[in-house]
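Trainee: What follows is the residue order along each chain.
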Amino acid sequence: MTGRDCSEALQAQVREAIADRQPLCIRGGGTKDFLGRTPQGLPLALDQHAGIVNYEPTELVVTVRAGTRLGELEQALSERGQMLAFEPPSFGPAATIGGTIACNLSGPARPYAGAARDAVLGVKLLNGKGEILRFGGEVMKNVAGYDVSRLMVGAMGTLGVLLEVSIKVLPRPEHEITLTQPGLPAAAALERLHALARQPIPITAAAYCDDELRLRLGGTESGLAAARAVIAGEPMDAGEAAAFWLGLKNHQLPFFADQRPLWRLSVPVNLAPIPLAGEWLYDWGGAQRWIHSDAAPERLFEIAGQAGGHGTAFRNAADPDQVFQPLAPGIARLHRRLKQAFDPHGLLNPGRMYADL
Amino acid sequence: MTHSHDALDPPELTPTAKAELLAALARILPKEALLHETEDLRPYECDGLSAYRRLPLAVALPERVDQVQAILRLCHERRVPVVARGAGTGLSGGALPVSQGVLLSLAKLNQILEIDPERRIARVQPGVRNLAISQAVDHLGLYYAPDPSSQIACTIGGNVAENSGGVHCLKYGLTVHNIQRLELVTIDGELLTIGTEALDAPGYDLLALMTGSEGMLGVIVEITVKLTPKPERAQVILAAFDDVVTAGAAVGAIIAHGIIPAGLEMMDKLAIQAAEDFVHAGYPREAAAILLCELDGANAEVTEQILVVRRILTECGATEARTARDDAERLRFWAGRKNAFPAVGRISPDYYCMDGTIPRKRLPDVLKGIDDLSRAYGLPVANVFHAGDGNLHPLILYDANRPGELERTEELGGKILELCVEVGGTITGEHGVGMEKIDQMCVQFRAPELSQFHAVKAAFDPDGLLNPGKAVPTLHRCAELGAMHVHHGKLPFPELERF
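Residue numbers (our numbering), protein chains in the order written: chain D, 101 to 457; chain G, 348 to 846.
Treat the hints with care, since some could be wrong.
[Stated by the list, open to error] A few chain G residues that face chain D, going by a derived Cβ cut-off under 8 Å, partial list only: (1) A364; (2) G559; (3) A647; (4) I774; (5) Q791; (6) F800.
[Unchecked claim] Not close to chain D: a few residues of chain G, all C-beta gaps over 12 Å, as computed: (7) R374; (8) E392; (9) R411; (10) H423; (11) K455; (12) G629; (13) K715; (14) G725.
[To be verified] Computed list of lysine to any residue pairs in SDA-like fashion (alpha-carbon distance at most 25 Å, straight line): (15) K455/G x G536/G; (16) K573/G x I374/D; (17) K518/G x A213/D; (18) K518/G x E174/D; (19) K762/G x D712/G; (20) K762/G x R234/D; (21) K365/G x E384/G; (22) K616/G x R672/G; (23) K715/G x T158/D; (24) K518/G x L296/D; (25) K708/G x R234/D; (26) K573/G x K616/G; (27) K762/G x L797/G; (28) K708/G x T158/D.
Hints in this document: simulated from the structure, not taken from any laboratory. By construction, the Cβ of each residue, glycine as well, lies at the ideal position given by its N, Cα and C atoms.
Please model the complete structure; the sequences and the hints are all you need to start from.
Mentor: Structure representation (structure tokens):
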């Protein structure tokens, strides 16, 4: 494991930026430059601030510096039979855990094992006043003070520079199997998913594309045998199945090759197929839906909002200013006040998430 | 106990100002929903931490969200403090009234508004009891997973305010993991929706920030909770050990083996004997420690895991490992654990309950430290431990009628919490800071962190009107130590199981 503690150097850089009122662009591996609004400001490089600080397999927790590569972390966990339960996507080998947490990126396991935000137990961060602060910790239950740790997850660095993150980890399932059901229309696939979701079946991922429903199950051998007895579907070859879920997680399936704007719609799980023309890919048992569309951003935001969810121009946004679902006025006001509370000079990743944050 | 906190005892209102406030509240609420005579206020003077008592100026019992908005708007305009309250079962004094403030009871907002089995959610008002949700969806094969031991009485609104846990946290998470959306009224009366009907929301994770914020940031008036399919089968193993360190090692071994039990609890000798004398759970009285390990899932899977766990326990030196023969025995095993607090209440005139969380591997050091402290202070300590997630509940046995013993107990309690922080843990795992642990917050956090908390508070409530004086201490106010003071075993809700 390479890397060292650069906290003090990073703090000095932030303090200097405060003195100069110089906006900073927080940067790990740079694999997610495409995500969010256009990065701006002087780069603040986190990639050297790396390394696992503490890993206790029997405590189910790992504390890691933000610049640690996701791949290195996952390798270290895998060696002890454990994993990040939220199955984070990686959009390149340089992807870091800091960027993953800052973007709250979670993979196919998310509806069943929780999101990145659910796994975060504590953080060490640099706020916009140049202070190094610690919140939460390495224990599962901790209600001392506001949950600032989880507030940082998905804030895209606009509230603080993540220095260290403590994350709950879980054992890898003993066995996995993927069942497929081809030739299924979308509505029928969704109906099947809802019926299954109400039963105690160890589903760990559920996706639908190319008229094919794929269900991944995880658990003990006997548990999977019992589940198979009640679930229809043909088992997939293990190698092919692994390649499919990896391709889905990391956006490497042929579906993602399209260069038109890629929209992510996070919607209620039982929402009927959305009548917007184009090829849809469903992940998260139907709660996360992807489409390449040239439709106006306003239209996508409206569709997602009316359904009770929200939309994101995830990649190749047509309008770089319209990436995230606009916030309700009262919620937007709270966002501005929180930004002010953590980053009073507005120097950390300004405008990366919303124009006024 | 006398703890002076200016925020809780602001200067008295003039009789005119008081009369005007009551008149304005009377225009919002029907007569029976506004209490202001001393005898009517009395039931609201404390929550589950009865050592702290204060009479509010008035108690408001709104039945509708627009009434909550109007009350908050009024209090905001008049700069009157507001303390929200659910069932009042909290153990940290979070719902302790402010003497010149309004106590806002959400007990009448008690409707289950919607149950959607397809989305596996229920939309409920804050005054709905935790257990009532699971009961309402039982016929659908679903339940609401977090199960604080007061679940028969505590409300979901209070659960969100405290981020309540229970015995199944390691596998099923806390309140924060099991809610999806909130309706919130801000101090200026604005109704906001936090979260969406999907699995996430745009912008900052305000849902996480609100959860566990102890009524300091807003008043929750509706909660969308996630429902979980009931497992096909649950089974429990009782294992006995002749020392606590061996028992602690067994916990680590189970988890190292890749098994996440639904519940994993430990009790030490004093707690075992008290519980056995009280409920006759069938615990081995001579054991130095017992572990209760619950496994749930598909029938075949549970059978398989039971065998594995039994083997691990034996290899780790358990003197005995018993699988419950039937559901009745399983419930009896749990009854001993769930009644551990009242059981200890029977063997000592008073006890004082702590709520630290520690990294599990430090358990031997912490138990040794507690034992040393216990001897030094001449006060026995019984230990009850959510071993799976590291949440420790030491119960200090004392007698408040002996001069100076309460003060010694409080000092010992403070030392135990400091020990928890020292080994990398926290002062509160699930009971909240409230009034009780406000001084230990200074041990856990440094000034810049506390200042950051105050800045977060100011973003929501710049005038500091919501639950003032709780949860986060002012920087120059880190002196006194509170306590859960139970006199002669009498809890405010003696019929409730406690963890």
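Trainee: All the hints need checking, so say for each whether the structure fits it.
Mentor: To see whether the hints hold, each was checked on the structure:
no., hint, verdict
1, A364, "29 Å, violated"
2, G559, "5 Å, holds"
3, A647, "4 Å, holds"
4, I774, "5 Å, holds"
5, Q791, "5 Å, holds"
6, F800, "5 Å, holds"
7, R374, "25 Å, holds"
8, E392, "24 Å, holds"
9, R411, "20 Å, holds"
10, H423, "15 Å, holds"
11, K455, "25 Å, holds"
12, G629, "28 Å, holds"
13, K715, "19 Å, holds"
14, G725, "29 Å, holds"
15, K455/G x G536/G, "19 Å, holds"
16, K573/G x I374/D, "24 Å, holds"
17, K518/G x A213/D, "10 Å, holds"
18, K518/G x E174/D, "21 Å, holds"
19, K762/G x D712/G, "14 Å, holds"
20, K762/G x R234/D, "22 Å, holds"
21, K365/G x E384/G, "13 Å, holds"
22, K616/G x R672/G, "24 Å, holds"
23, K715/G x T158/D, "21 Å, holds"
24, K518/G x L296/D, "20 Å, holds"
25, K708/G x R234/D, "22 Å, holds"
26, K573/G x K616/G, "38 Å, violated"
27, K762/G x L797/G, "21 Å, holds"
28, K708/G x T158/D, "8 Å, holds"
Going through the hint list in order, the structure does not satisfy hints 1, 26.
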